[in-house]
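Order-wise, the sequence lines are chains A and B.
Numbering that gives the first Met the number 0 applies: residue 0 is where the first sequence begins, and numbers increase by one.
Numbering that gives the first Met the number 0 applies: residue 0 is where the second sequence begins, and numbers increase by one.
Everything labelled a hint here was simulated from the structure, so no lab data went into it.
From the three backbone atoms N, C-alpha and C, an ideal C-beta is built for every residue, glycine too.
Hints are not guaranteed to be accurate.
The calculated label-pair distances, taken between Cβ atoms and stated as ranges, are [unchecked claim]: (1) SER34/B with ARG131/A: 45 to 55 angstroms; (2) ALA93/B with ARG78/A: 54 to 64 angstroms; (3) ALA48/A with ALA93/B: 53 to 63 angstroms; (4) ARG259/A with SER36/B: 57 to 67 angstroms.
Okay, here's what each chain looks like letter by letter:
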Amino acid sequence: MSVADQAMPGQAPAPALTEPLAGLYTQSRAAEFAFAPEQFLDLLKGLAAKNAAKLEEFCLTLRVEDLILARACAAGNERAWEVFMLRFREKLYDVARQITREDSSGRELADCNYADLYGTKVRDEERVSKLRFYNGRGSLDGWLRTVLAQEYVNTYRKQRRLVSLDEESEEGVQFAAPEQNEAPVADPALARATDDALRSLSAEERFVLSSYFLDNRTLADIARTLRVHESTISRKVEKLTKNLHKQILKNLTKLGLSRRQAEEALSTDVRDLALDIRASLAQESLPGAFSEKGAKAGEGRQ
Amino acid sequence: MDPLKKIVADRLKAPVAGPHPDAEVLSAFAENALSESERESVVQHLSTCADCREIIFLAAPLAGESQPVLSAPRARPVFALRWGTLAACIVIAAVFLVSRRQSPRTEQVAKHVPQTTSSAATDAIVAAEKTPAELTKMRDKLPAPVHASAGTGHAEPKHITAKPEGAMSFGDSGEVSVNAPAAMEAKVEPRSLPKLETNGRNVADLKQMSPPAVPVTNAPVAAGTGMSRGVPGGATVGGTIGANVSSYSANSSDFAAKKDSAFNGSVSGTVFDASGAVIPDAKVTALGPVGSRTVTADSAGKYSLDQLATGNYQFQVSAQGFRQTELQQVAVLANKPANVDVKLAPGAATEMVSVEAAAPKIVQQSQQQGALQSAQQSALQTDEQQQSANQIQAEEVTVEAASKVQKTAKSKDKTRTAAQPVPALARAVAGPVWQWSLSPQGVVQRSVDNGKNWQPVSVAAGATFRAVSSLLNHIWAGGKSGVLYHSADSGQHWIEVVPTTGAEKLQGDITQLQLVDSQHVVLTTLDSETWVTADGGQTWSRR
Chain A
0 MSVADQAMPG QAPAPALTEP LAGLYTQSRA AEFAFAPEQF LDLLKGLAAK NAAKLEEFCL
60 TLRVEDLILA RACAAGNERA WEVFMLRFRE KLYDVARQIT REDSSGRELA DCNYADLYGT
120 KVRDEERVSK LRFYNGRGSL DGWLRTVLAQ EYVNTYRKQR RLVSLDEESE EGVQFAAPEQ
180 NEAPVADPAL ARATDDALRS LSAEERFVLS SYFLDNRTLA DIARTLRVHE STISRKVEKL
240 TKNLHKQILK NLTKLGLSRR QAEEALSTDV RDLALDIRAS LAQESLPGAF SEKGAKAGEG
300 RQ
Chain B
0 MDPLKKIVAD RLKAPVAGPH PDAEVLSAFA ENALSESERE SVVQHLSTCA DCREIIFLAA
60 PLAGESQPVL SAPRARPVFA LRWGTLAACI VIAAVFLVSR RQSPRTEQVA KHVPQTTSSA
120 ATDAIVAAEK TPAELTKMRD KLPAPVHASA GTGHAEPKHI TAKPEGAMSF GDSGEVSVNA
180 PAAMEAKVEP RSLPKLETNG RNVADLKQMS PPAVPVTNAP VAAGTGMSRG VPGGATVGGT
240 IGANVSSYSA NSSDFAAKKD SAFNGSVSGT VFDASGAVIP DAKVTALGPV GSRTVTADSA
300 GKYSLDQLAT GNYQFQVSAQ GFRQTELQQV AVLANKPANV DVKLAPGAAT EMVSVEAAAP
360 KIVQQSQQQG ALQSAQQSAL QTDEQQQSAN QIQAEEVTVE AASKVQKTAK SKDKTRTAAQ
420 PVPALARAVA GPVWQWSLSP QGVVQRSVDN GKNWQPVSVA AGATFRAVSS LLNHIWAGGK
480 SGVLYHSADS GQHWIEVVPT TGAEKLQGDI TQLQLVDSQH VVLTTLDSET WVTADGGQTW
540 SRR
């Protein structure tokens with residue numbers, strides 16, 4: 000039985016709800032979406048238990064309005080879908096176009112995502128909506144963006160292996176010359192010294208370096224993700240680079256190399272490195288890592 | 000590509016740490032809505048997972064589309080606060096510099112305030128420490144006087160801002176005088192004033208004594224000799240006046256004309272009895288800012304006082320068989336003859352009658368401005384009285400009141416009662432006006448008749464005095480070996496004062512005494528030491 004069937008429209012908050020839950024119930028417009036107070040309370044309790052947090056404190060960090068809207072949509076409440084479409088329809092298309100950088104691909108991505116959000120699969124005679132996996136920790140808008148991005152990455156990885164024969168002919172792949180010998184492996188001493196230097200960094204510093212060196216992200220992108228100013232990231236990258244250089248040289252010296260040898264290893268070995276940054280971005284992950292199945296697997300691990 | 004970048008990028012391709020966070024966690028991370036521990040684990044994963052980094056960057060909203068954060072914001076990184084600290088330091092430094100830049104102005108104003116608030120003591124010290132040339136420069140550089148508005152910053156009247164007409168000169172004793180222009184030199188003799196009726200007051204004294212809310216004239220007030228005029232008080236002996244370097248200055252070239260206009264006030268009237276009949280031969284005494292004058296009414300009861308200095312006067316009218324009547328605050332204005340009729344009541348008792356001057360256009364000025372004008376009048380009167388002292392004394396005719404009442408009619412006394420407090424100046428001159436000096440033997444003496452007769456005053460047995468100074472009823476006498484006496488009751492009782500500063504006691508001969516007011520006294524010794532008290536002699540400081 001769905002939530003809509005269980006609750007009476009316009010029902011007042013139950014006396015069992017105390018502050019701040021009663022206020023959250025009103026704020027979430029749960030009554031408008033036929034979400035009974037008991038269901039509301041059970042939902043919040045379940046989420047708090049899942050995150051091992053106190054109910055009242057945890058509820059205050061939730062976006063209960065988005066949460067109830069998503070759960071009501073998942074339950075098939077028509078009023079909730081009206082609100083959802085009014086709020087997010089155009090926005091989803093815009094986000095999809097932003098991600099794919101193409102109008103048709105963006106529209107296709109958004110339409111596909113709509114189907115998943117509504118729930119095309121039926122399990123145990125019940126339609127499974129993707130909105131059920133939204134728990135209100137971030138905004139529904141951000142969650143939808145992330146879901147679209149995950150879907151786009153999954154689609155990209157699936158389609159990467161699908162190359163048409165015409166394209167291969169145009170690119171000359173059919174007659175491609177045999178690959179050159181792989182780049183010589185870096186000096187084990189240098190690799191060890193670099194690994195040691197990177198291990199001494201914090202996770203955020205490694206994230207900045209990975210985003211900047213591996214992903215070729217701009218300073219503005221990194222700064223927006225970490226919610227700091229762009230100049231801060233710029234100084235941080237510069238400082239990290241200097242420190243890494245010093246630390247690698249120091250580690251090489253510890254490994255028995257002289258200062259001159261360490262500097263030569265750090266400079267000459269680079270000429271032999273043929274690192275493909277784009278290849279590193281195409282990291283092999285399990286197919287469907289961000290699919291519903293993967294999400295469920297992750298949810299089960301939590 | 001930077002070699003280091005290549006190496007680091009190669010080694011950063013580490014295996015993915017842990018499972019991929021779901022969309023819920025990633026979106027919460029992007030919106031900074033995770034707890035610190037959750038965020039740390041997500042960052043740890045992101046540092047190794049290129050796919051999740053890709054998702055994060057793809058899902059990031061455009062600039063300006065960021066979502067509000069519900070959870071408590073994470074503490075900002077330390078390196079992000081460095082700019083704030085730097086900005087705060089800059090602001091503090093700027094405030095400090097601005098305050099430093101403004102402080103000299105404040106000090107400059109503060110330095111002017113004591114100088115120009117008629118502190119004769121300070122003036123004397125300045126004059127003693129500076130050479131004549133330096134003082135001349137100081138005079139020329141003096142800004143618009145701030146004395147009258149030291150506390151308020153109000154603009155000064157124009158008539159006191161100009162330079163003195165003559166150049167300053169300095170005597171051996173440190174006195175400062177103004178060399179009057181040639182047109183005045185024949186009239187002004189600033190050094191020979193033995194019988195001046197200033198009642199022991201000099202310019203500085205009068206500044207302090209100005210009564211509050213005294214109505215004074217708006218007619219041009221003679222600026223006197225103004226700047227740097229040392230006005231010796233009648234009771235000041237032994238060069239005790241010193242230099243009164245004042246910023247007041249005469250501002251006009253027609254100095255003589257203004258000087259005359261200051262003494263062209265006149266009062267006339269008729270003395271009646273209660274029934275309206277005239278009283279002949281009544282004695283009318285006018286006590287004014289610079290002394291007293293007495294005339295006798297004629298047979299028709301009419302009296303006339305000419306060439307009075309402008310200011311407020313107290314009139315004492317007496318006739319045989321009638322009560323003596325005092326008229327308070329009779330305003331004498333320049334070029335505005337006043338008519339003051341007096342009615343006397345039969346009897347012998349003294350009554351107090353307050354009479355307002357009938358002269359038009361009485362302008363209420365501030366107390367400080369009134370003090371300024373009084374000081375200027377006093378300074379000018381000094382010069383004037385040098386010439387006309389004998390004339391004034393000649394007019395002080397002592398007339399026996401001939402009590403001829405031509406018409407006797409008993410009526411109720413219609414005298415007006417005093418409605419205002421007696422001004423300090425009027426009170427000051429109400430009693431006997433003593434002049435103080437020292438005899439050649441160093442004995443304090445006083446005179447009540449303008450120096451005609453001197454009475455020795457017993458201050459201390461065996462003491463030899465070298466300086467005496469008076470202000471109202473306060474008399475100070477100093478002499479050899481630092482002997483110093485003070486009387487607060489016009490010489491009836493004397494108290495020995497021992498100036499000390501800590502363990503040091505004044506032992507030099509006192510050669511100069513200067514009273515700024517009843518509390519501020521400046522004395523100078525033979526060794527050129529200057530001792531100052533601001534509390535009537537209880538504590539002293541040495542300069």
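Hint check results:
1. SER34/B with ARG131/A: 45 to 55 angstroms: Roughly 23 angstroms apart at Cβ, these two residues miss the hinted range, so it is violated.
2. ALA93/B with ARG78/A: 54 to 64 angstroms: Holds, at about 59 angstroms.
3. ALA48/A with ALA93/B: 53 to 63 angstroms: holds, 56 angstroms
4. ARG259/A with SER36/B: 57 to 67 angstroms: Given range 57 to 67 angstroms: violated, Cβ gap about 45 angstroms.
Figure legend: structure checked against the earlier numbered hints; hints not met, in rising order: 1 and 4.
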